[in-house]
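Asker: Here are the chains, one letter per residue:
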Amino acid sequence: MNHTLTKSVAAYLTLPLVALALFTFGSASGGDSAIGATRIVQATAAIAAMTAPVLAGIGAWEASRIRRSNLDSLGVARTQLEVVRRSLAPTIFAGWFVTLVIQLARARAFPSSLPLLLEFLLPYLIVVSATLAGFALGQRLHGAFAIPVAVVGTWLLTVYPIAIEPLWIRHLTGYTTSCCSVETVLSWRAVTGAAMVALGIAVAGALLASTREALRVFAAAVGLGLVLAAASYLVSDLGSEATQARPTTDLECVQEEASGVELCLWPEHKQLRGMIDQASDEIRTSLARRQLAPPAKLTEGFTSSEAWIFGTYRDATSSEIDTALVVGLLPELPPCIELGEYPAGVVTGVMALVVADYAGKPEAFALMASEDDVIEAERVLELSEAKQTIWFESNIAAIATCDTNPVMARDLS
Amino acid sequence: MKWWFTARRPLMLAQAVAAYLAFLVVLGGAELPLPSILDPGAASTPLSVFLPILLIAALQRSQDEVDHVVEATAVRPLWLLRLVLPCGLLTVAIVSALVVAAATGGDQLMAGRNFVGYLGIALLAYRWLGSRAMTVAVLVVAGLAGPLGARQFGEPEIWAFPLHRPGSLPAAGICGVLLALGLAQSMRKPSLRQLGI
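Chains as they are written, first to last, in numbering that gives the first Met the number 0: chain A, 0 to 412; chain B, 0 to 196.
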């Protein structure tokens with residue numbers, strides 16, 4: 000064993016691989032890095048993108064060493080599978096060690112759900128599949144060609160799918176870059192699909208590496224094809240993101256008994272509860288002066304269309320919370336706006352400014368409003384109270400449809 | 000002379016050159032939309048970064064069945080002969096890049112320029128580490144340049160010469176220096192590493 004270890008190139012590459020994976024992890028983007036799930040997913044992506052191609056290359060290198068030794072022509076007492084196992088064990092252990100170091104150093108949070116646990120284990124499977132695939136390639140191609148094909152091929156197959164369509168193809172590789180924000184969780188379909196593909200490649204690689212019999216090679220190819228088809232079917236409902244909506248049962252709700260007002264927040268945002276409570280009270284008071292009353296339930300996740308829904312993030316400032324709450328008061332845009340004309344589009348920005356003013360937070364959209372919208376909003380706010388009510392109610396109705404013309408301030412003055 | 004040439008697997012070399020030329024014509028100007036790890040905005044990597052590795056692999060393969068000890072102890076000096084193969088491949092890479100780039104208006108010159116740098120690295124690796132390290136050494140440079148060599152807005156780091164545009168003077172300078180060092184090492188008496196001792 001000592002001999003195998005000192006002769007294995009993986010033993011010498013372990014530390015550079017750790018450094019490379021840490022470096023890759025440090026520059027990874029996508030998702031809220033304060034969330035444990037995001038860090039677990041990023042650790043897996045770093046292993047899949049940077050460690051797996053190198054391990055595939057090492058697998059091909061080990062195979063080329065055995066080719067050069069002309070082992071096949073000697074009377075070997077061990078089975079081919081045992082030769083493969085002894086040859087690749089240091090490489091696979093090195094890959095697992097790199098994975099463990101990355102997870103201990105960076106992932107921090109322990110998996111809190113079954114998909115996350117599978118995502119946590121996925122890089123260990125990817126390590127095995129990449130190494131075995133590289134080895135099988137190295138047995139069939141000369142090392143001079145097998146090593147670059149293994150490294151570049153694995154890298155391309157891992158990261159290229161995120162640049163092509165259909166979008167769901169990216170979920171088969173384990174290189175996930177779009178998880179997770181606080182209102183989403185990792186999709187079990189995405190992680191299961193990636194695990195199936197990695198397992199399929201590992202089994203096919205082991206079969207190909209341990210035999211040259213045509214029947215077994217055929218079985219490996221057919222088996223891998225079937226696994227790919229099944230995994231594709233599993234993830235084909237997903238879009239570009241490997242996420243699904245977070246269950247609203249995770250929300251932590253507190254209800255004021257006197258007023259009946261309820262505030263529901265994700266556990267990660269509990270430290271914002273005081274600020275949000277205060278801002279929403281100010282807005283409710285201000286709107287009450289206009290005889291307007293927002294829904295009693297203020298919540299982050301979508302629970303019902305009757306709720307006042309908003310979204311924020313962990314380090315939000317009070318002005319960002321004000322803006323988020325006012326955005327939650329705006330009418331929802333109808334789905335038909337993607338199909339064609341939307342006459343009410345000219346008043347959506349004005350409506351935001353007017354609602355912000357009614358809510359007592361006129362600065363909420365100050366920096367993002369266009370000059371035309373600001374001028375029109377000023378005209379609206381200069382109208383009499385009765386005319387403002389007509390403008391407000393007419394345009395709330397117009398914004399909800401794609402065939403109603405909006406009412407402008409000049410129409411009422 | 001005939002033995003020397005036969006030992007270097009001319010058929011395999013011809014097949015590799017033919018495959019390289021075919022890839023160069025069909026894919027040489029292509030950019031793969033591969034995301035850079037350091038710069039998510041630099042969403043494309045030229046295929047010319049990887050294509051010339053095929054010729055380096057062929058060069059390494061051609062050294063595999065050579066009896067280096069016999070050649071090192073030959074009566075006739077072989078230093079000039081040792082330059083024939085690298086210089087032949089160099090000529091193929093540069094001429095084909097010029098012709099294909101002129102014909103298609105693409106960025107195939109990058110492939111020719113990158114081969115110059117890769118050849119220098121491969122020859123240095125051959126000298127210091129042995130023939131088996133030739134492709135691996137080039138692969139390390141190309142492999143690090145692809146995902147790690149792009150700064151913000153797709154601008155490559157100075158060391159990542161494979162990613163530089165065809166007209167880049169720093170990249171041309173780096174490749175020229177690497178080639179000169181590699182060729183100079185090739186003209187010297189073979190090292191023990193080269194002899195496989």
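Some hints here could point you the wrong way.
Computed from the model, here is a short list of chain B residues facing chain A with C-beta under 10 Å [unchecked claim]: (1) Ala57; (2) Leu58; (3) Arg60; (4) Thr90; (5) Leu138; (6) Leu143; (7) Gly145; (8) Ser167; (9) Gly172; (10) Gly175.
DEER-style ranges, computed between Cβ atoms [stated by the list, open to error]: (11) B:Leu10 - A:Leu113: 51 to 61 Å; (12) B:Ala101 - A:Leu332: 51 to 61 Å; (13) A:Phe217 - B:Pro9: 29 to 39 Å; (14) A:Val8 - B:Ala17: 43 to 53 Å; (15) B:Gly166 - A:Phe92: 40 to 50 Å; (16) B:Ala101 - A:Val8: 56 to 66 Å; (17) A:Leu113 - B:Ala17: 36 to 46 Å; (18) A:Ala244 - B:Ser43: 31 to 41 Å.
Covered stretches of chain A, as calculated for chain B (at least 3 residues, CB under 8 Å) [unchecked claim]: (19) 115-122; (20) 148-156.
Since the hints were derived computationally from the structure, they do not count as laboratory data.
Ideal Cβ placement from N, Cα and C applies to all residues, glycine included.
Asker: Honestly, which of those hints from before does the structure not fit?
Answerer: Of the numbered hints, 4, 8, 9, 10, 14, 16, 17, 19 do not hold.
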